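Enquirer: Work out the full structure, taking the sequences as your base and the hints as a guide.
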Amino acid sequence: MYEILFFVFAAAAVGFAINLLVQRHPIYSAISLIGVMASLASLYLMLGAEFIAAVQVIVYAGAIMVLFVFVIMLLNAGVEERTNRSRMAKQLGAPLVVLLLGLLTSLVYRNFPPDAAVRFGDFPGQTADIGRRLYIYYMLPFEVVSILILVAIVGAVVLAKKET
Amino acid sequence: MDLPFLLYTLLKIVVVVFALLTAVAYTVWFERKVVAHMQSRWGPTRVGPYGLLQPLADVIKLITKEDITPSGVFRLVYLAAPCLAVITALLVFAVIPFGPRTEMGGIDIFQITDLDIGLLFILSVSSMGVYGIALAGWSSNSKYSLLGGLRSSAQMISYELAMGLSIVGVVLLTGSLSLRQVVDNQSGSWWGIIPHWNVIPQFIGFFCYFVSAIAETNRLPFDLPEAETELVAGYHTEYSSMRFAMFFLAEYTNMTAVSCVATVLYFGGWSGPVFGPEALQTVLPLLWFFLKVLAFLFVYVWIRGTLPRFRYDQLMAFGWKFLLPLALANMVLTSFVQAVRYGG
Numbered sequence: 000m001y002e003i004l005f006f007v008f009a010a011a012a013v014g015f016a017i018n019l020l021v022q023r024h025p026i027y028s029a030i031s032l033i034g035v036m037a038s039l040a041s042l043y044l045m046l047g048a049e050f051i052a053a054v055q056v057i058v059y060a061g062a063i064m065v066l067f068v069f070v071i072m073l074l075n076a077g078v079e080e081r082t083n084r085s086r087m088a089k090q091l092g093a094p095l096v097v098l099l100l101g102l103l104t105s106l107v108y109r110n111f112p113p114d115a116a117v118r119f120g121d122f123p124g125q126t127a128d129i130g131r132r133l134y135i136y137y138m139l140p141f142e143v144v145s146i147l148i149l150v151a152i153v154g155a156v157v158l159a160k161k162e163t
Numbered sequence: 000m001d002l003p004f005l006l007y008t009l010l011k012i013v014v015v016v017f018a019l020l021t022a023v024a025y026t027v028w029f030e031r032k033v034v035a036h037m038q039s040r041w042g043p044t045r046v047g048p049y050g051l052l053q054p055l056a057d058v059i060k061l062i063t064k065e066d067i068t069p070s071g072v073f074r075l076v077y078l079a080a081p082c083l084a085v086i087t088a089l090l091v092f093a094v095i096p097f098g099p100r101t102e103m104g105g106i107d108i109f110q111i112t113d114l115d116i117g118l119l120f121i122l123s124v125s126s127m128g129v130y131g132i133a134l135a136g137w138s139s140n141s142k143y144s145l146l147g148g149l150r151s152s153a154q155m156i157s158y159e160l161a162m163g164l165s166i167v168g169v170v171l172l173t174g175s176l177s178l179r180q181v182v183d184n185q186s187g188s189w190w191g192i193i194p195h196w197n198v199i200p201q202f203i204g205f206f207c208y209f210v211s212a213i214a215e216t217n218r219l220p221f222d223l224p225e226a227e228t229e230l231v232a233g234y235h236t237e238y239s240s241m242r243f244a245m246f247f248l249a250e251y252t253n254m255t256a257v258s259c260v261a262t263v264l265y266f267g268g269w270s271g272p273v274f275g276p277e278a279l280q281t282v283l284p285l286l287w288f289f290l291k292v293l294a295f296l297f298v299y300v301w302i303r304g305t306l307p308r309f310r311y312d313q314l315m316a317f318g319w320k321f322l323l324p325l326a327l328a329n330m331v332l333t334s335f336v337q338a339v340r341y342g343g
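Sequence order for the protein chains is A and B. Residue numbering for the first sequence follows numbering that gives the first Met the number 0, starting at 0 and increasing by one per position. Residue numbering for the second sequence follows numbering that gives the first Met the number 0, starting at 0 and increasing by one per position.
Just so you know, these hints were derived from the structure itself, not from any lab. Where hints are given, some of them may not hold.
Unchecked claim - Every beta carbon over 10 Å from chain A, so not counted as near; a handful from chain B, in silico:
{"no.": "1", "residue": "Ile-67"}
{"no.": "2", "residue": "Asn-184"}
{"no.": "3", "residue": "Phe-243"}
{"no.": "4", "residue": "Arg-310"}
{"no.": "5", "residue": "Leu-332"}
Claimed, not checked - Partial list, computed: chain A residues near chain B (C-beta under 8 Å):
{"no.": "6", "residue": "Ile-26"}
{"no.": "7", "residue": "Gly-61"}
{"no.": "8", "residue": "Ile-63"}
{"no.": "9", "residue": "Val-65"}
Unchecked claim - Derived CB-CB ranges, DEER-like:
{"no.": "10", "chain 1": "B", "residue 1": "Val-336", "chain 2": "A", "residue 2": "Val-143", "range": "27 to 35 Å"}
{"no.": "11", "chain 1": "B", "residue 1": "Leu-279", "chain 2": "A", "residue 2": "Ile-3", "range": "44 to 52 Å"}
{"no.": "12", "chain 1": "B", "residue 1": "Arg-308", "chain 2": "A", "residue 2": "Gly-92", "range": "52 to 60 Å"}
{"no.": "13", "chain 1": "A", "residue 1": "Leu-91", "chain 2": "B", "residue 2": "Gly-342", "range": "53 to 61 Å"}
{"no.": "14", "chain 1": "B", "residue 1": "Pro-272", "chain 2": "A", "residue 2": "Tyr-136", "range": "13 to 21 Å"}
{"no.": "15", "chain 1": "A", "residue 1": "Tyr-1", "chain 2": "B", "residue 2": "Arg-74", "range": "33 to 41 Å"}
Since this is a predicted model, take the numbers as computed values, not measurements. A virtual CB, placed ideally from N, CA and C, is assigned to each residue, including glycine.
Expert: So this is what it looks like as structure tokens:
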């Protein structure tokens, strides 16, 4: 049962990702990206990472993608125009993609030997655990990141402010 | 996962959805009747006693109407948007506990599933709810729809923050994200009279939650996305027949969902005075739950009958400059009190 579901969601994630690149209208691409996020969330959920799955949906599929869709609607972006691809992209594109995928696969295989495969429900951290780890073991990085985000917010406000 | 478990779960889902759709149909009747009486009218009276069969007549009318798809729409998105709106509205009920844990053949009959992350589930589903409206507005190829869709996405993003932050207060008091534990934590009373409900220590949080929930469900006084005087009918201007009815259904389902969540989070869920014989004891919690939800629905209608609509800039200013800081302050205050009580 779990194996079947895993392949369903994995196939959905890959399918949506390919669709994202193929579609020519930005809103269809955005919807495909929502699909990718949702499939990833399902995969997290199957590993037992409930909190991360929920946050994935709330933050990525729910908040960030709504902003994407909002901007596309606001600008009323039309169908994307394709230029004739450059010669270099045509000839080098596919081999480079294969090379990248090959490198990634070999890295994953070297670092995670096949007998140590991921088991379902393997993720150790429940919600309370994640909180405890964040606020005790990873206190400094956590605070640094929050200050970074604060700086970004202040920057955004300054940029958006009308000049008087 | 064995077969009986799957069958029981399916059965529960069918029962809940069926009961819910009936309840939603009668919420429309309830609203028309209450608003009518507030405005010194009678409301529906013709179909059945007190107009009680009016929802049935409405459904038959909506189903038999012609379904028009305007030219120039983005067909796939246009057809999918109402379904998306209804699905996200219904999904919330997967985690709502309607009564205390009552097992029948090893399966809890008063809740579809008790997730450890129930509250986060509700937040994530309601954050997906905006797509139905936004995509409907965009794909209709009409200026009124587009403006309605834009307004609704901006409004829902803004008020979602305040809603999420106000819920944090309840999570801090409970120490769990499971809705059943939230309710269990509210059992008992202070000095035997005042119930141990979250609304008493969390009244600021409750205020923030309910106001932002009204905005999230696009109801008056926050119904800018479908303001008739400016936008015809907003995002569902171009929809007709059953597809229009689906948006209507989604809106009222969302209202019911918000009432259920508010009951569970702040008003002790199914808890209430217990009396009577043994057989009554299993049904009584359901009755209390139902009455509380009904009270919330009445408040919804009451607000609709009383308040005028906000202007758009007022709406945004209220959300960002008043509600969000208030919810943040409530969160800080609650965590401070909890830290003093349990820490050291």
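Enquirer: Are there hints from earlier that the structure breaks, and if so, what are their numbers?
Expert: 8, 14
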